[in-house]
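There are 2 protein chains.
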Amino acid sequence: MFEKMKRTHQCGMLTKENSGQEVTLMGWVQTRRDHGGLIFVDLRDRSGIVQVVFNPEYSREAFETAKEVKTEYVIAVNGKVYERPKESINPKIKTGEIEVFADKLEILNPAKTPPFPIEDDIKVDESLRLKYRYLDLRRPSMLCNITFRHKVSKAIRDFLDENGFIEVETPMLTRSTPEGARDFLVPSRLNPGTFYALPQSPQLFKQILMVAGIERYYQITRCFRDEDLRADRQPEFTQLDIEMSFVDVEDVISLNERLMKYVVEKTMGISLEIPFKRITYKDAMEIYGTDKPDTRFGLEMVDVTDIASKSDFRVFSDAAESGGKVKGINIKNSAEIFSRRQIDELVEKAKEFGAKGLAWIIYSGEGIKSPIAKFFSEELLNELLKRMNAQPGDLMVFVADTDPKLVLTSMGQLRLHLGKQLNLIDENSLNFLWVVEFPLLEWDEEENRFVAMHHPFTSPMDEDLDLLEREPSQVRAKAYDLVLNGTEVGGGSIRIHRTDLQERMFKVLGFTKERAWENFGFLLRAFEYGTPPHGGIAYGLDRLVMLLLGLNSIRDCIAFPKTQNAACLMTEAPAPVESRQLKELHIQIAN
Amino acid sequence: MFEKMKRTHQCGMLTKENSGQEVTLMGWVQTRRDHGGLIFVDLRDRSGIVQVVFNPEYSREAFETAKEVKTEYVIAVNGKVYERPKESINPKIKTGEIEVFADKLEILNPAKTPPFPIEDDIKVDESLRLKYRYLDLRRPSMLCNITFRHKVSKAIRDFLDENGFIEVETPMLTRSTPEGARDFLVPSRLNPGTFYALPQSPQLFKQILMVAGIERYYQITRCFRDEDLRADRQPEFTQLDIEMSFVDVEDVISLNERLMKYVVEKTMGISLEIPFKRITYKDAMEIYGTDKPDTRFGLEMVDVTDIASKSDFRVFSDAAESGGKVKGINIKNSAEIFSRRQIDELVEKAKEFGAKGLAWIIYSGEGIKSPIAKFFSEELLNELLKRMNAQPGDLMVFVADTDPKLVLTSMGQLRLHLGKQLNLIDENSLNFLWVVEFPLLEWDEEENRFVAMHHPFTSPMDEDLDLLEREPSQVRAKAYDLVLNGTEVGGGSIRIHRTDLQERMFKVLGFTKERAWENFGFLLRAFEYGTPPHGGIAYGLDRLVMLLLGLNSIRDCIAFPKTQNAACLMTEAPAPVESRQLKELHIQIAN
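Top to bottom, those sequences are chains U and G. So the first sequence is numbered by my numbering: it starts at 1 and just counts up by one. So the second sequence is numbered by my numbering: it starts at 592 and just counts up by one.
Do not take every clue at face value.
[Said to hold, decoys possible] Calculated cross-link-like contacts (lysine-lysine; reagent style DSS-like; alpha-carbon spacing at most 30 Å):
#	chain 1	residue 1	chain 2	residue 2
1	G	Lys745	U	Lys154
2	U	Lys513	G	Lys1174
3	U	Lys6	G	Lys873
4	G	Lys745	U	Lys583
5	U	Lys151	G	Lys742
6	G	Lys745	G	Lys685
7	G	Lys1174	U	Lys583
8	U	Lys151	G	Lys745
9	G	Lys857	U	Lys154
10	G	Lys857	U	Lys4
11	G	Lys852	U	Lys6
12	G	Lys868	U	Lys507
13	G	Lys1104	U	Lys112
14	U	Lys266	G	Lys742
15	G	Lys661	U	Lys266
16	G	Lys868	U	Lys266
17	U	Lys151	G	Lys942
18	G	Lys852	U	Lys4
19	U	Lys154	G	Lys742
20	U	Lys261	G	Lys595
21	G	Lys745	U	Lys261
22	G	Lys868	U	Lys6
23	U	Lys104	U	Lys131
24	U	Lys507	G	Lys857
25	G	Lys873	U	Lys151
26	G	Lys661	U	Lys513
27	G	Lys595	U	Lys282
28	G	Lys857	U	Lys261
Rather than coming from a laboratory, the hints here were simulated on the basis of the structure.
Put together the whole structure using the sequences plus the hints.
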């Protein structure tokens, strides 16, 4: 019986130091090979793999049982550790210098043949991996991801605890509020016709906790958004949520830099340099064409609108004169890398990204080659080259449009495309960047009103307070995003803590006072009882882990993720329920 | 402006050591007193309270502003720390030896007068506290509870991480399964007519994680049960969930003893003695009349059925002869404490608890006084007294019934009542106790079948395997509960890890193979692919914290609890939603 064997060691921990020791191991059979009258089993547990040898002369009984053993059987083995002879040392595994000669073997559980091999490089449809997630998680890389995720969470908690933060749990069954994404709803049985909403974030609660005087709050918690799923989104995701009282932007930023430094150091052994670089939203858009720039490579955008306005190239001058923009990127030393066909492909790419076209200039040793050169005087052309910091060997590309935003975003995407195409991205670097001074509001065409860019509790910058009613679009917020390698991993703001300013904000958002109180009454009421200045940040933990690990899919760092259709292939959730259940909840399925 | 003042110290941290230092403090005004031409403000932040003095000669401006200040205003103060003159030292507060003379004051936010004072001993309806929870949480005892809870969680994580456990997050949007409490359901928008269920516990997922080879898993996670709420229950509650592979009962118990010892030591500075005491379910019922005995006091039940059967007292002899029981409790040295009227009250209590009556014997210096003595021969009475370990001065009470369970439970309740009435309970002691060898199954009258006492994945004890089909009610489980001061704080079991045994179990529970697969198919499928022996435990974290703190209500250690009606009085959840939302979810409110 199993009860009689007691595990003494983990497979992957055995080294030469253990030679001569009697050990009891338990784990899964990675492989079984029969060779030269012996049976070799690679035994795997969470810690790694070790080779177990069954020799009929050593134990006939164990040898006979070993014959029954197949891949993924769960076994218990008792045996003695021996150093391997030099010629059998396997440098590929940590335990490759030793092997265990078994004298006892018990099959704890047999196993069917798994639908895919338990190893890292498998070519198998992800849906099969998700259906058999328990087998997928046995693969070393997945186990490593899940373990790493645990370590990240642990490091976050250690740091925040050390820095005086209290983890406070906020409700999951809460209230549906507007101004966010779509809510998941939960019908209430005890209160017929009413619903809870699952939290999109603990935003209101963490502000309430500041009113409550918690001062330094954090929580690692599940959040829910019922959105149509993109590749890196999940209907439920994990958020690291932080809020602090009596702080300004600098306090929040500096704490979070130290947090990231601590986490990366503890989990990866990499020492990050802090403070991180910062860029304003405006500069990010102008230089990188996005509010989450990937700064692992250059290819910055240069504004040439003023020069372009003086050219005879109508596309340029029209754009410049009608409030549009002309932007260029100098692809250094690439004149010879790009064939004409490749440049044409680049033009097509730019169009895919929304640009109407892509102008280009080749500056080679033989001079300028460009379809647009003829529209420039020599002087103007030199001015352009100078602005672009051009040298012989450079290829420059330009986008012009009467819609300035289109120029920025299309060129921003082209920049990313070029970065990948030219292999300019160091996949091993971790490039953290703060984007600051976001606009407070953006115009929503559909709703025909201003909406909050972050959320309606974000504080305007003091300098821009006067503009709130006069020029809402010009107001900058005390908001900041933390970007890692071109992906937003965190975002936050200093909040509005005074009722009067909050009411002005709601007015600008087109909420009547009545409607504001109807929706956020409990927060507005709380604000009347002594609210400290406060601010915070929230991270997408799944995404942070994904980026630190350099994974391509967020699903690879979530134990039980959902598909794009928000389904779990393993449990087959969501599923129909019994009509009795619906009746109790006072709901029915709509016709 | 606030931005110009920067907090340098926390109020409660200032001591004589800080005398002479210039400090900037921020917090809430606890009280303001005007006295002798000065203004005294007790300033409170998370760390405690300090006295700030406004002297017009020191700063006229600050003094003038201080006149505006009221209770719960949020202020920033700059000033200098002075030792108080001896006669003004306040030994009641930590900072009582110093005070801060203010030279700058800024009102960061005014405050309405709170509906109840921010102090510990308040007499106010709990519903008002819940509505203004942000004010309630400002009270020192509530802040202390929430902080303590954080420390408990942190200590748990530290210990488990140190012991090789990986925290793995399991889904919140999962599948409804039978054999549990009522589920909270979440309609799916993307899959019309289907529903997610919020997890009642991560039970199936943690077993799946053992199949996945995680070996040591834990999670502190939210669970949901849509039950009619009792005083110490919440619709959402926090569970500490632990599961281990390749272990037996002893391993789980010993790990959890070390965990509790660590947590109590780290958070309370108390050194618990381990191992904890253990009692079988059977003994717990026989001796304490409950499966969660409060062992902080004695008053154990003594079985006197055999003696009673020989008496002429029909209530006793009938009970004994028809398979019932007669049990007594010796209330030592209480003969003189209880008046006849008090004994009569005890009889009434026993009836409230379900007993048909309560027999009693007073054994005083003058001999025996008892209405039942006459039914006993002298010899038999002596036998009874001996069994009851009776000495002069003792009062003994007895319950007899043909239903043995009724005897146990009514007497168990009477015992608790006596423990409280006689003040036998040391409120400061932490009495941990394992209850083991639970019955695997119990008969459900309503469903007319056996149901699992813990859950359908609990392993029978090896010794009792043969009885599974033959005598299901006699089978004991590898299950254990951890009881603290008479309340269950954790419970778990070694699980069934082999498909064949799991199928036998389902059969005994009256599940056809088809129905078992329909409901638990994904777990049964997983079990086919190499499942290690495994087991674990789950704690109610809220309840553990409540008991460690000696609180009377679980709501006092939850930041935002719900009422008995499962409502949040602060946010007014649950609430009606817009019909558009229901339409998107393909549901409607039932007529």
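- [ ] Could you check the structure against the hints above and give me the numbers of any it violates, in ascending order?
- [x] Hint check: 4, 10, 12, 15, 16, 17, 23, 24 and 25 fail, others pass.
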